[in-house]
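Visitor: The lines below spell out each chain.
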Amino acid sequence: MTDAAIATSGLTKRFRSRAVVDGLDLNVPRGSVFGFLGPNGSGKTTTIRMLLGLVSPSAGSIRVLGEAMPDRGARVLPRVGALVEGPAFAPYLSGTANLMRRDTADRYAPGATRRARVEAALERVGLSHAAGKHVRAYSLGMKQRLGIAGALLTDRDLLVLDEPTNGLDPQGTREVRALVRSLADEGTTVFVSSHLLAEIEQVCTHAAIMRTGRLVAQGSLDELRSASGPRVAVETPDAAQAVGVLSRLGLDPVVTGNGVEASLGDDAPAAEELSAALVGHGVRLRGFAVRSSSLEERFVELTGEGFDVEQ
Amino acid sequence: MSSNELPSSELPSAAPRTDQVGTEQAIQPSVTRPAGGVAERRERPSGGWALLGSEISVMFRRWRTWAMLGALAAIPLLIAIAVRVTGGSSRGPAFLSEITSNGLFVAFTALVVCVPLFLPLTIGVVAGDTIAGEASHGTLRYLVIAPAGRLRLLAVKYAGSAVFCIAAALVVGLAGALIGMLLFPIGPVTLLSGIQVSMGEAYFRLLLIALYIVVSLLGLCAIGLFLSTLTDVPVGAMAATAVLAVVSQVLDQLPQLEGLHPWLFSHYWLGFGDFLRDPISWDSFGDNALLQLGYIVVFGALAVGRFTTKDILS
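As you go down the protein sequences, you meet chains S and P in turn. 1 is the number of the first residue of the first sequence in this note's numbering; add one for each residue after it. 1 is the number of the first residue of the second sequence in this note's numbering; add one for each residue after it.
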């Protein structure tokens, strides 16, 4: 476990009696870009707050960069840059002044290079032009950039970015992805949370998926993709009949807009048997396809669709 | 296993990865590092004084701080102008009648007027804002994960509000001395014990009184700090602190509660008249300092107990 940037075991947080995070066993390999996915309200931010020692766990243990949290926070946290639940700044101070202030709180940050490091961080997120403006006058996207700059004030071994693309336009989102890549190339482990898979799918090497406080999947992207196996999509006007046929063959079909879909497990009949059976039972076929499921489908499959926040 | 996924065991954390080349690499922001290969992280932690410096400098960069100090400075100004215009009167707060004969008494009068309400009000704002203000801006979580250290953050916040106490008491005293000098004759001061002392001695006594008042307010600062750890709404902590200051003084006026009086943090607030006697009596200063220390210890401990175990959800 020593090569894990983050490792939790049985991590649980209860507010009153409700478990917001429930028995989380997270394993973030060093050097990975780790996508932490889940719908709004699934416990991502509470988990991140526990990782950073802001919230104490009700049960379970946490190791960050090989050290126990929150006990060893004074040693660990200077090596961790973070953006937690959105950027936050004193509105009456400039961008530069806010970062300077935050940097003084880190006793491992050398004062002699403070200004240079703040300027470098601002330049890295493309905010040099607005450095002297009061944060009050920043747009949401600029605050988000400033928040990311705040995570980059010193060399970090681990970056924890909670919804880093919130409030950014498509161009800004691309820039954040590029930034995450360049940081990963320098050897930094990046732990990035999102409720939008598409935002981070392209940069992640690993991912974990949360649902109502529990971890429902975790691993490298390929492992996650292969876990759900291929799917068969049947285009037909006789959806009810098709459901019956596929069910008898041991599948679990669902009716879609123009037909029926089902995922194919390891012991599912071959595709040609399925099509033959369908035609044999008088199901009129307009289309028949077997395709490997995308991560997006896997994500929806695991977390449910729609905007309902599950409690 | 695809090319962009490496098992962690094969991936030393320091080794740069070269296997991820996406189309977005083209717009990658230029990577800048401080020039000259400066160390980005200290080997050992610094003493942590930078945070205190930052706290004080941020406080004095806030418009609100200057507004409060300005309002405090306006009190001796109003007193002096009122006395100048009306020619003074024998009624009113202590020392008021002395002003027409000696301008230095504007400072003494203003301090007497400010101690019961105006100073506690401004201290309530500053001390009540310490933790709750950071929480309401959301900056508290970033200070804690910096990591500032929760104990150190409390100590720095307390020291910051103590610095404001010093500034506030000095502003009232100095503004009073200045305006008194401008509007009234000044000269040797007759003390409460009837002895005259020189101007220099009188200024020294004025400073001592300012010190007495600063010490008087330190207990209230600790109360405000504790209240500030209880909420994410700074106005609530500010109001509660100011209200407690008033309640304490009201209780101090009720003869039925006499046994309680020596334990009220406001009990010795107006005891600085001892510094206008000859020889100077340090009795009430000592009692006051001890009492304030007690409040600092008790409410400091409560604040530490609360803040070090608090889940920071703001």
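Read the hints as simulated data drawn from the structure, not as lab findings. Take the hints with a grain of salt, since some may be wrong.
Unchecked claim - To give an idea of the chain P side of the interface with chain S (calculated C-beta under 10 Å), a few residues:
(1) R41
(2) V58
(3) I145
(4) G187
A virtual CB, placed ideally from N, CA and C, is assigned to each residue, including glycine.
Visitor: Which earlier hints turn out false for this structure, listed by number in ascending order?
Guide: 4
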